[in-house]
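Novice: Residue numbers (the numbering used here), protein chains in the order written: chain A, 1 to 468; chain B, 1 to 548; chain C, 1 to 175.
Take the hints with a grain of salt, since some may be wrong.
[Claimed, not checked] In silico contact screen, one side only, chain C against chain B (beta carbon under 10 Å); selected entries:
id : residue
1  : Ala80
2  : Phe95
3  : Asn97
4  : Asn108
5  : Arg122
6  : Ile124
7  : Ser135
8  : Val142
9  : Ala163
10 : Lys173
Keep in mind that the hints were calculated from the coordinates and are not lab data.
Each residue gets a CB set at the ideal place from its N, CA and C atoms; glycine is no exception.
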Amino acid sequence: MKGAAGRLIPLFALVCALACTCASTAMATDGSNAERVQRGKYLATAGDCVACHTAPGGKPFAGGLPLPTPIGDIIATNITPSKTAGIGNYTERQFSDALRRGIRADGRHLYPAMPYTAYAQITDADMQALYAYFMHGVAPVDSKPAPTRLPFPFNLRWSMAAWNMLFLDSKPFTPDPGKSAAWNRGAYLVRGLAHCSTCHTPRNLLMAEQPSRELAGGDVGTWHAPNITPDADSGIGNWSEAELVAYIKLGHATGRAQAAGPMAEAVDNSLQYLTAADLQAIATYLKTIPAQHDPADTRAVDDWGSASDELDSLRGVALPVDPDKMTGAQLYDAYCASCHQARGQGSFDGGLPPLFHNTATGRTNTNNLVMVILDGIRWTDRSGVHMPGFANHLDDRQIATLAAYLIRHYGNPAAKVSVEQVRQLRAGGAPSHLVALVRWAMAIVLLVILAIVILSVRRMRRRSSGQA
Amino acid sequence: MSGQLSADIVVIGSGIVGSLAARRLALRGASVLILEAGPRLDRGRVVAAFRNSPFKGSWMAPYPPSPWAPHPIYVPRDNGYLKQAGPYPYPAEYIRAVGGTTWHWAAQAWRLVPNDVRIKSLYGVGVDWPLSYEELDPWYQEAEELIGVAGADDTGSPRKQPFPMEPVAEPWSMRRFRERLAPAYPVVANTVARNSRSYGGRPACVGNNSCQPICPVNAQYTGETAVAAAEASGVRLVPNAVVYRIEHDAKGRIAAVHYFDPDKGSHRVTGKTFILAANGIESPKLLLLSASDKYPNGLANSSGMVGRNLMDHPSTSLTFYADEELWLGRGPQSPSSINTLRDGAFRSRHAPYRLDFTNISQVLNVTNDLIKEGVYGAEFEKQLRWRAARQVNVKNVLEVLPDPDNRITLSSEKDAMGIPKPEAHYSIGEYTRRGADVSRADFARIAELMGGTGLRYSADGQFANNQHITGTMSMGNAPSSSVVDAFGRTHDHENLFICSTGVMPTAATMNSTLTAIALALRTAGHILPQQTTTQTDLADDRREARLS
Amino acid sequence: MAMNEHEDVVANRDAPVDASRRRILAGLLTAYTASLVPWALALPAPQADRGAFTALSAILVGQQVLDAAQTARLYDALVADDARFPADVQALLAFVNQRQVDPLQLQNVLDAEHSPLASLPRKIATAWYLGVVGSGETARCVAYETALDAVAVADVLKPPTYAYGSYGSWANKPV
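Could you build all of it, start to finish, from the sequences and the hints given here?
Specialist: If you want it as structure tokens, here you go:
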């Protein structure tokens, strides 16, 4: 920031901060403020702020977590009330702008990795509660994480202004009077704080969500966030509301699906703490959005496979010395059957789930199957959910062979897993061409503009020379 | 191929004890090299090998010996590696592979009770240790937090800080024992290196009931995890390296070790400090093998005690049918025991013991019995279900006193690499036999309280081996009667240390692994005392283990 | 618990049995053994040897559903271990027929008479119940999860190395 404005604005901010501090000190004596902070805490949990704004092993909300995107890593900021490294100087208005319009206190734009397009739905009252929580309910941490540095042209934050004009709907949520209170609450949570569409809605070339395909499925790095519309085959159409609630709260719907990867984190950090009413509201809403059908799904993704084994090929047969020559059945026996049982039927209590009638094996998009074999599933709390990852035990060929066995017995036979796919997923995903694409596009546009200018200049010269 | 390998610290043996000592030293900045005689193993392949084994009752079946690093196996027949000179057999089982024998243990991770280290002063038997329980206490705590120990309070071993984890969930069968034996016998949850929640990046137990020979899900801590932790701290490990000689210089300092690769190519490895951690049989064997002109009786053996005072925890047992369905086999193999008989004035007269209840599925035993009895037809399944539901077993875990005539020596027979095989000379003394006799009354009472029928005592004079190889390189203050000092340093060689259950001068009644780990961490701490802020990296270290 | 979805011997009861098979079996089974194995005459018996093994197995392990594929695998393994096996099986079946020995008495009778067939019932029982064929260095495990000792208790226990269930699920009383 340069010039007089550069001097005034920090001063102005300081005065505001002082005013706010005085105001909040005054408010601290007000009993209802404690209530507001508590409500803000619940809302922050629902919004899962901690998932992005906390680095592994780091202090809560102190930032530093790099979010991988096709255009580079975006580093989450410190949103503790630290005055030197966080948002301690933010007014409520500045907080609201960051949260709901994607604009920082210094006026610069946030990248939509911060899901402000979803948080734009948050009501004023809820925003105020969140502000109260972040100012008074969170411990300040005075360490500033590394700044985000994206490649040209994505480092030009002002370009987000144009993007926002195209894609940001900045009106907070207004209830639909024709719908029930539960539906409205569910719509508010799903579209707003829980920001489900950030992962579950496919995006266009400019990386904006496609509103006509709400929750039809998207990709989050190496993980696929599946279709959660009420389509009977591709989505959750044949799930009961109780099953949806169970999945969101516990991270699994018995006999259908288990949350893994980023969804497991979302349940672990956020969704499991929602009230029963809120969980029910989300389920109610999800059952009403337009169903999106993928023609590749000829039956429900959780309806494939059956209990089966190839034990006859295993018993009495020595393992090959070369691990890459192990058959799918041998790999399953050695690494999977101990928990999932010899016929894929899972444990007595279903706590170690069966592998058939399971979305983990039934989808035609097989990325999640490979990812869960590589990474396992582990919650941070004491729920006991813990599938080990096999990235250090199985190589790419073994995982491809094993996945083929799992699909053949327990999944959709049309689905495929290739060794190259495993290799790429293990490495963090296929490299994105978006940066190159945009640069080429810009170069072409510049060339076109240049060509137009040159041609116009020549034409003007010819006219003027013609008139001489 | 011999490129000259060298490190500040050379560790022989990659079992749980050697690996955790190596790790601690690497974290303090030393360059550390582990030489392991056997190969790397893969957990999934061991599981598959067990399922394909025709000898499910033999826990060594999924661990076939390597030709260059044989270990003893007895099923289907004795492979003749560990020679038995008698009068009583010492059929030890151990694994020469990366990670060592704790690939297949029941993860019992007990501390001693304070009196265990003073039985000479207190009871006039055995010897006193050259250190106190209080000195061991912080090392026990560090070991427990490193490997993740789940335990119940009040089992006779005082502690200053809580266990890292709650006791493992009690199986129904054990609950019934606890309820029905009270108040005569308090049954408590075993102190185990088994996860009762996610710990150290490994899942909680899910009841595979195959702890021995293999935990398929890595819920119990093993040498494999210790090796991984060591390598993550910068320790370098060379597998398939059979050390056959320890070389000393003219002053008696250890200069190098020599090892064979599987093709019998010889390699020399130099270092500044050497740690011998190759279990209580292979370590004394190596010391004896390294005899030279200057040390004709072997290294570290001016006392003549290397290999002597061989001890274990022998067991006798009672099998019977309880009068209710208990169905052993649900949950981990060794969940509960009675700990009130480990200490007391009686120790001047007879051996103390622990009483251990097994939760190993009885289906295999019962099926073998029925086949032997010739029960054919529809009756087979009926009997199988009835017996498997009710058959239970209680065994004692008896203390053995150190006796110099019980020892490991070098056999005249050689293995495939031309290295002399170890030979066991062993007998069970009267002190222990008297303890076994006394315990019969406990067995009978326990059976009575459980409405027992079909009582089958183990044969008189027959003791089962429990693989707790102790005493062969005993620690003590006097070089004339011990091999190492209180810090595990050999009296004879300033830069040679021993980390092993073999340094324990008495056996007590508890499985020896945790004590050996605690001693090894103390030894590592002595080799490289912390120079910087003492508690910080240690606390970070243990916090990391707890959090992941 | 899940039953084997393999082809079951009993399920072929309704399949037409040709006359030659019937004659072979009738030769092997008298009224006595047939009474022990009521569905005996409906057994598919491609060969007399396999038929005899099937019938004898059914007698020794009680009246169970004998999986056809398992029967064939065990038979092949037992023959590979000992070429005299088929003849021994026929001899023992004939013995049971003639002497009308109850399965529970069979071993006693064989032992008392020092019969050369004394080890045969144990071999067959070991194959079916433990999934093990052969002994000593040549022993092989050809079945574990499908061995009858595991199947007999499968409602209560998983075979060792297979997880019982999520942490703590073993604390409850077994049903």
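Novice: Now look at each hint and say whether the structure bears it out.
Specialist: A quick look at each hint next to the structure:
1. The criterion of a C-beta within 10 Å of any C-beta in chain B is not met by alanine 80/C, whose closest approach is roughly 14 Å, and the hint is violated.
2. Because the smallest distance between the Cβ of phenylalanine 95/C and any Cβ of chain B comes to about 13 Å, over 10 Å, the interface hint for this residue is violated.
3. Against a cut-off of 10 Å between C-beta atoms, the interface hint on asparagine 97/C is violated, since the closest Cβ of chain B lies about 16 Å away.
4. Hint status for asparagine 108/C: holds, given a least beta-carbon distance of 7 Å to chain B, under 10 Å.
5. Checking arginine 122/C against chain B: minimum C-beta separation of about 6 Å stays under 10 Å; hint holds.
6. The interface hint given for isoleucine 124/C is met, as the beta carbon of that residue sits about 9 Å from the closest beta carbon of chain B, less than 10 Å.
7. With a least beta-carbon distance of about 7 Å to chain B, the hint placing serine 135/C at the interface is held under the 10 Å criterion.
8. Interface hint at valine 142/C: satisfied, since its Cβ lies 9 Å from the closest Cβ of chain B, which is below the 10 Å cut-off.
9. Contact between alanine 163/C and chain B, as hinted, is supported at the beta carbon level, the nearest pair being about 4 Å apart and thus within 10 Å.
10. Interface hint at lysine 173/C: satisfied, since its Cβ lies 5 Å from the closest Cβ of chain B, which is below the 10 Å cut-off.
The structure fails hints 1, 2 and 3 (numbered hints given earlier, in ascending order).
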